[in-house]
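J.: The residues making up each chain are set out below.
There are 2 protein chains.
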Amino acid sequence: MENHFTDRMNQDRAEIEHYLTCAFAAEPRYARLQDAMEYSLLAGGKRIRPILVLETCRLCGGDIQAALPFAGAVEMIHTYSLIHDDLPAMDNDDLRRGRPTNHVVYGEATAILAGDALLTAAFEQLTKAELPAEQIVEAVRCLSQLAGSAGMVGGQALDMAGESRTLSREELELLQRLKTGALISASAELGCIAAGGSFEQRAQVRTYAQALGQAFQIRDDMLDVISSREELGKPVGSDQAKDKSTFASALGLETCAVLVEQLTRHGIEALKDFEDAGFHIWLAKSLAQRIR
Amino acid sequence: MENHFTDRMNQDRAEIEHYLTCAFAAEPRYARLQDAMEYSLLAGGKRIRPILVLETCRLCGGDIQAALPFAGAVEMIHTYSLIHDDLPAMDNDDLRRGRPTNHVVYGEATAILAGDALLTAAFEQLTKAELPAEQIVEAVRCLSQLAGSAGMVGGQALDMAGESRTLSREELELLQRLKTGALISASAELGCIAAGGSFEQRAQVRTYAQALGQAFQIRDDMLDVISSREELGKPVGSDQAKDKSTFASALGLETCAVLVEQLTRHGIEALKDFEDAGFHIWLAKSLAQRIR
Numbered sequence: 001m002e003n004h005f006t007d008r009m010n011q012d013r014a015e016i017e018h019y020l021t022c023a024f025a026a027e028p029r030y031a032r033l034q035d036a037m038e039y040s041l042l043a044g045g046k047r048i049r050p051i052l053v054l055e056t057c058r059l060c061g062g063d064i065q066a067a068l069p070f071a072g073a074v075e076m077i078h079t080y081s082l083i084h085d086d087l088p089a090m091d092n093d094d095l096r097r098g099r100p101t102n103h104v105v106y107g108e109a110t111a112i113l114a115g116d117a118l119l120t121a122a123f124e125q126l127t128k129a130e131l132p133a134e135q136i137v138e139a140v141r142c143l144s145q146l147a148g149s150a151g152m153v154g155g156q157a158l159d160m161a162g163e164s165r166t167l168s169r170e171e172l173e174l175l176q177r178l179k180t181g182a183l184i185s186a187s188a189e190l191g192c193i194a195a196g197g198s199f200e201q202r203a204q205v206r207t208y209a210q211a212l213g214q215a216f217q218i219r220d221d222m223l224d225v226i227s228s229r230e231e232l233g234k235p236v237g238s239d240q241a242k243d244k245s246t247f248a249s250a251l252g253l254e255t256c257a258v259l260v261e262q263l264t265r266h267g268i269e270a271l272k273d274f275e276d277a278g279f280h281i282w283l284a285k286s287l288a289q290r291i292r
Numbered sequence: 293m294e295n296h297f298t299d300r301m302n303q304d305r306a307e308i309e310h311y312l313t314c315a316f317a318a319e320p321r322y323a324r325l326q327d328a329m330e331y332s333l334l335a336g337g338k339r340i341r342p343i344l345v346l347e348t349c350r351l352c353g354g355d356i357q358a359a360l361p362f363a364g365a366v367e368m369i370h371t372y373s374l375i376h377d378d379l380p381a382m383d384n385d386d387l388r389r390g391r392p393t394n395h396v397v398y399g400e401a402t403a404i405l406a407g408d409a410l411l412t413a414a415f416e417q418l419t420k421a422e423l424p425a426e427q428i429v430e431a432v433r434c435l436s437q438l439a440g441s442a443g444m445v446g447g448q449a450l451d452m453a454g455e456s457r458t459l460s461r462e463e464l465e466l467l468q469r470l471k472t473g474a475l476i477s478a479s480a481e482l483g484c485i486a487a488g489g490s491f492e493q494r495a496q497v498r499t500y501a502q503a504l505g506q507a508f509q510i511r512d513d514m515l516d517v518i519s520s521r522e523e524l525g526k527p528v529g530s531d532q533a534k535d536k537s538t539f540a541s542a543l544g545l546e547t548c549a550v551l552v553e554q555l556t557r558h559g560i561e562a563l564k565d566f567e568d569a570g571f572h573i574w575l576a577k578s579l580a581q582r583i584r
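Order-wise, the sequence lines are chains A and B.
Going letter by letter, the first sequence gives residues 1 to 292 in the numbering used here.
Going letter by letter, the second sequence gives residues 293 to 584 in the numbering used here.
Heads up, a few of these hints could be off.
Quick list of in silico lysine-lysine cross-link-like pairs, DSBU-like style, CA-CA up to 35 Å [what the hints assert, rightly or not]:
1) K536(B) / K577(B)
2) K46(A) / K564(B)
3) K420(B) / K272(A)
4) K420(B) / K564(B)
5) K46(A) / K272(A)
6) K285(A) / K128(A)
7) K285(A) / K46(A)
8) K420(B) / K128(A)
9) K128(A) / K244(A)
10) K564(B) / K577(B)
11) K285(A) / K272(A)
12) K577(B) / K128(A)
13) K564(B) / K338(B)
14) K564(B) / K272(A)
15) K420(B) / K577(B)
Taking CB as the label site, the calculated pair distances span [said to hold, decoys possible]:
16) D94(A) / Q554(B): 47 to 53 Å
17) E492(B) / N3(A): 27 to 33 Å
18) S456(B) / D94(A): 48 to 54 Å
19) G278(A) / K338(B): 56 to 62 Å
20) A25(A) / A306(B): 43 to 49 Å
21) N384(B) / D35(A): 22 to 28 Å
22) E561(B) / P132(A): 55 to 61 Å
Read the hints as simulated data drawn from the structure, not as lab findings.
Note that this is a predicted model, so its numbers are computed, not measured.
By construction, the Cβ of each residue, glycine as well, lies at the ideal position given by its N, Cα and C atoms.
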């Protein structure tokens, strides 16, 4: 079973890599800008978000081919946010997934523009889906709301503002819900929209994704403390070094572990009405237990 | 007649200001981020692009109320591009319309995020239009293509790359067509889309807007040379000071003046099939002759 889901995830990931590789091939663009966009977009990574788009589309009875442009859009939003977050004025990170960050390679100006271009291209991808216009408009609405100032960008702004002081658990939860949770929710919701899912289904996959996202972030904070530099491709305890508030520092590792388990159970429970939520259950458990 | 069109423009502008003022009022957002977004969005300016959206909607037989969200979207794209262009890593400008630039007031991190949030919000606005879903999808497609790496952002990347050397007239024209022309075209096309205009109408307003955009840019370059600091709210000859190639430096003021006149005529000619293109004709002439 484990192998079956791993195979499916690898197959989804291959579809997504192919989609992203071809996304900017058709039209001539200014070469250096396109290089910078693809340097970060095609840098690997787990592709959890776009996989969640495809698999949630399947969960809600849709065809994953129709959802590919939505999956590509989510990964472009995620990638642009990493490029901008790494900038000297923001987190000032030189390494990402073991490689020099975008601005280190291409310079700050091009990195800012590559992020802007990927963010804009995400919305272009949505229009490429071979789906009824109503569903595409709903996707644009969903993604723009969850990725913008009331979602992901708002979370990043809160994160910047909170860097120099200790955040309460409530503040941390809000920050996480916006900064990483919103785009994970968007991923599941876009999958449901692509499938033409019902209002109830959308609420259920949203609950699942929100729990998954929170568990993912808490696990991430735990790993930042316990992993070695080689495993993560970034300095151990880089959050600590910056005096960043994290769930690990606010609650301790043991409480974090309990929370991750509770959230995972809660997320899985939300999918009980679906006939075959096997992949989503496996995914939630795998992420909760991951060691990198 | 002159007064009639000025009145209409002022009325359009008032509608747009109202729309933009209310755009972020409904949902609570992180206050400092919203402040930064509105600092630049509500900083006045000519609002040429959103006015062009509304008036082109009217030209193609549509109701300008339906086009207001499209107009708001275009102005948000324009505003985000100014915020990012002014950043230290880009043009490094401290003043814009006589006021300190966004990053001077809010810091670089918040300025980058305010730009990202406005760019994202632009696509959210498009979904707010009370129009058939097909027209909204077409608007998303149009705006994302013309504002992204094959349009406005691509032009800004070319501009950055060309800063330290002298550009040929052809290079300058390509740069302008992307950097400023694309969004002006998008404005006219979005107006036509909002009105449910025909394919032919869309091609005609695009031709008009491209000519208008090029004339606008050439006139801008001329004014950069001949205006005084007080009039423009930025240092005289700031392009020259940065060794930037401009139409004025490449062609000289006299040739520029001839070109502006030719382009204006060409743009007006493209609208000959419309029953009442009076406003567009007046606008093209006014912009060509403007002294600030």
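J.: Please go over all the hints and tell whether each is borne out by the structure.
T.: Each hint tested on the structure:
1. Proximity of K536(B) to K577(B) is assessed by CA-CA distance (about 27 Å); at most 35 Å being required, the pair is judged to hold.
2. The suggested pairing of K46(A) with K564(B) is violated, with an alpha-carbon distance near 55 Å, which exceeds 35 Å.
3. For the proposed pair K420(B) and K272(A), the alpha carbon gap of about 34 Å is at most 35 Å, so the pair holds.
4. With a C-alpha separation of about 32 Å, the suggested pair K420(B) and K564(B) falls inside the 35 Å cut-off, and the hint holds.
5. The hinted pair formed by K46(A) and K272(A) meets the criterion: a straight-line CA distance of about 26 Å does not exceed 35 Å.
6. Distance hint between K285(A) and K128(A) is fulfilled; the C-alpha atoms sit about 33 Å from each other, no more than 35 Å.
7. Annotation: proposed proximity of K285(A) to K46(A) holds, straight-line Cα distance about 15 Å (limit 35 Å).
8. Using a Cα cut-off of 35 Å, the hinted pair K420(B) and K128(A) holds, with the two alpha carbons roughly 20 Å apart.
9. Note on K128(A) and K244(A): the hinted pairing is violated, with a Cα-Cα distance of about 40 Å set against a maximum of 35 Å.
10. For a cut-off of 35 Å, the pair hint linking K564(B) to K577(B) stands: about 15 Å separates their Cα positions.
11. Taking the CA atoms of K285(A) and K272(A), the gap is about 15 Å. The hint holds against a cut of 35 Å.
12. With a C-alpha separation of about 38 Å, the suggested pairing of K577(B) with K128(A) is violated against the 35 Å cut-off.
13. Only pairs whose Cα atoms come within 35 Å are accepted, and K564(B) paired with K338(B) is accepted, the gap being roughly 26 Å.
14. Proximity of K564(B) to K272(A) is assessed by CA-CA distance (about 63 Å); at most 35 Å being required, the pair is judged violated.
15. Restraint check for K420(B) and K577(B): the C-alpha separation of about 33 Å stays at or below 35 Å, so the hint holds.
16. Distance hint for D94(A) and Q554(B): a CB-CB separation of about 51 Å, consistent with the stated range 47 to 53 Å.
17. Take E492(B) and N3(A): their Cβ atoms lie about 58 Å apart, and the range 27 to 33 Å is violated.
18. In this structure the hint that S456(B) and D94(A) lie 48 to 54 Å apart at CB is violated, the actual value being about 26 Å.
19. Distance hint check: the CB atoms of G278(A) and K338(B) are about 58 Å apart, consistent with the given range 56 to 62 Å.
20. For the hinted restraint 43 to 49 Å between A25(A) and A306(B), the CB-CB distance of approximately 45 Å keeps it satisfied.
21. A C-beta distance of roughly 24 Å is found between N384(B) and D35(A), which places it inside the suggested range of 22 to 28 Å.
22. With their beta carbons about 39 Å apart, E561(B) and P132(A) fall outside the hinted range of 55 to 61 Å.
This entry does not satisfy hints 2, 9, 12, 14, 17, 18 and 22, going by the numbered hints stated previously.
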